[in-house]
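If you read the sequence shown in the working numbering, its first letter stands for residue 632, the second for the next number, and so on.
Rather than coming from a laboratory, the hints here were simulated on the basis of the structure.
Quick list of in silico lysine-lysine cross-link-like pairs, DSSO-like style, CA-CA up to 30 Å:
1) K1156 x K1194
2) K1160 x K880
3) K1074 x K1156
4) K680 x K880
5) K1206 x K1221
6) K1311 x K1206
7) K1194 x K880
8) K1257 x K1306
9) K1094 x K1111
Label-pair ranges, simulated between beta-carbon atoms:
10) A951 x D870: 34 to 44 Å
11) E823 x S990: 22 to 32 Å
12) S867 x G777: 21 to 31 Å
13) G1070 x G777: 31 to 41 Å
14) G777 x K986: 49 to 59 Å
15) G1184 x S803: 51 to 61 Å
16) T996 x D1283: 25 to 35 Å
17) Q1248 x V1089: 45 to 55 Å
18) S1093 x G1184: 20 to 30 Å
19) K880 x K1194: 20 to 30 Å
20) S873 x G759: 21 to 31 Å
All values reported here derive from a predicted model rather than from experimental measurement. Backbone N, C-alpha and C define an ideal beta-carbon position, used for all residues, glycine too.
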Amino acid sequence: MLNIKRTAASLIMAAAIAAAIPALTYAPLAKDNLSAATEAESGIVSQEKSLSELRRLYNSITTYDQLFATEGSNKSPYKIYTLTKDAKQAGEDWINYYRYAARVAPISLDEDLNTDAAHGALLDAAYGTLSHYPFYDGSSYNRPSGMSQAMFNRGEYATQTSNLSYRGSSSSNNTYVIGSSIQGQMSDSSSESNINCVGHRRWLINPYTQTMGIGSAYANAGYHVYYTDVRVFSSSYNDFYSSSYGQNKTTSNPGDYSFIAWPASGYNLSETFSPNDPWSVSLNTNIFSAPDASAITVKITRLSDNKTCTITGAAYSSFAKKYLVTSNMGYGAIPYCFIFSPGTDFLGTSALSGKYKVSVSGLKTSSGAATTLDYTVDFEPAKGNDPTATPTPKATATPTATPIPKATATATPTPKSSSGSSDSGTKISMSLSGTIVCGKSAKASVTVSPSGKSVTFVSSDSKVATVDSSGNVKGIMAGKATITAKTSDGAKTSITVQILYKDVTSSKDFWYEPTYYLTNKSVVKGYDKQTRFKPANECTRAQMVTFIWRLQGEPDPKSSACKFSDVKKTDYFYKACIWGSENHIVEGYKDGTFGPQIVCARRHAVTFLWRLAKQPQPKTNTNKFKDVKTKDYFYKATLWASEKGILAGYSDGTFRPNGKCLRRQMVTFLYKYDKYVNGKG
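Input sequences plus hints: build the corresponding full structure.
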């Protein structure tokens, strides 16, 4: 080990950064008038959450056959391990499942942050210990002999800005590592110190975070050991910070929330919360004062039998006993948090099911007034029938004469066939699946008469689909490509194939046809090199105005200057914002900003489209939505959109104007607009 002197003050500063600095960085904006009253729902209040979607996200988490794409070494010469694409996707899927359950926006993994995390995991693997400071012996930093200073510094920085996990097994099977690591970090029950702050959990469901990174490393300790880091925040105050490392993207306005709870209000899956796990509530500092464990009382009522458990301030002693503590440090960028559990003496040790009402007294508002908090948690199994009480979107009945066309279900793709001939009389026919999922292949079947002629294949767009000399067609990214088979004497035939996103493969989904219609028109684009659409991701105001602009053919704005102070020339939505403003489609806020990263609410989406159509008067004053009032600025837009068949309401008669506009809803709105207003599609 190489000895590197550091001052005690610098170590204390690093520890303080890891615990507290991010809490001082972000404060929610109040663009939509954040209420000072406590809410019955945890998380971002405008974000929709359903049991069916929760189950879908959980049951569709990516699996992988191989953890590492490239093997590294935790001994000299040191080399980082890199995760396979599917292993990284599994990490993102697990994190976003938990974030959806907590009602906060999904994150995406960033490759620079992934590389940071890989360095941090390697450093712990090199020392053979799980620690944010594996290199510190009490007075100095010790760099492993043979490890470069650059690799060491990046690993140091990563271990101090990451959630850390350790998994060991006598089996060489490592396909459990990513899921088990994320689940363990959300549980945060492995030690009293973790229970007392649930810091790993708070970082994973931090509503301000937009990007994270994940990396793992292997060590042989007589059995198979895997260290996994999740890079959850950045800090330029850290001794080992470098601007060349990954930077966690954040938002200053995640949406309106009063508190972030785990388990969250509403639906939770029993499989992902143990009776041993602590319950936690992080409080919005604009609304609440710091919680005091000596003043708080939590009452939990199990609604199946009305049995109650009352919890007051007490330290954790065992999983069986109740406890209540506070942790007013900056984990997850929200410093105010209280943590509690009724214990397994009350909950039992089996999987939780049914509803539990949580009532909290002894809280204070930010102005010092006494207040309370009440919410209900519902534990449901990962598989089962969705309750009819949960409203699900359904298409409006008007106009019935022009329903959205349905495509063939991709589970059983219908082959396409075509034929052609040459001047010499050679005939050629080809059969090929009309849909291929990204990363998958299908073989073209070709018949030539008379036989004996050589056949060559070509793709019209090899970025979308490739074809080899044997006619094997592989989907590369979502879009359309035409595959042509041609004989040596000129007979040819062609078939156009739709390449599908990995996560939009069922024609039964209402967003299936809209997604591919708009993808093929280059109106919308996907993620992960155009292989995933992420239909459950939210749509921002910047994205919505850009999609509308593209739908209209990307017209040039009259001006080259944008009036919004938060829209820069380098932004991809710069021209779209100018054009949208000139055509009175989008308006900014009174402070001169556009709010490009604010999530587009459903009311915003229909208003933008109504303005795009030149604000036509609805044909009737009949309002079918009980949550849309005459005084609402989006009233006429909602009536018009409903009449045109653009807008889908819910079975309970609501529109839910404050609900987030998800990508699957956005493409459906745009598709129907192009069909029913533009007369296309």
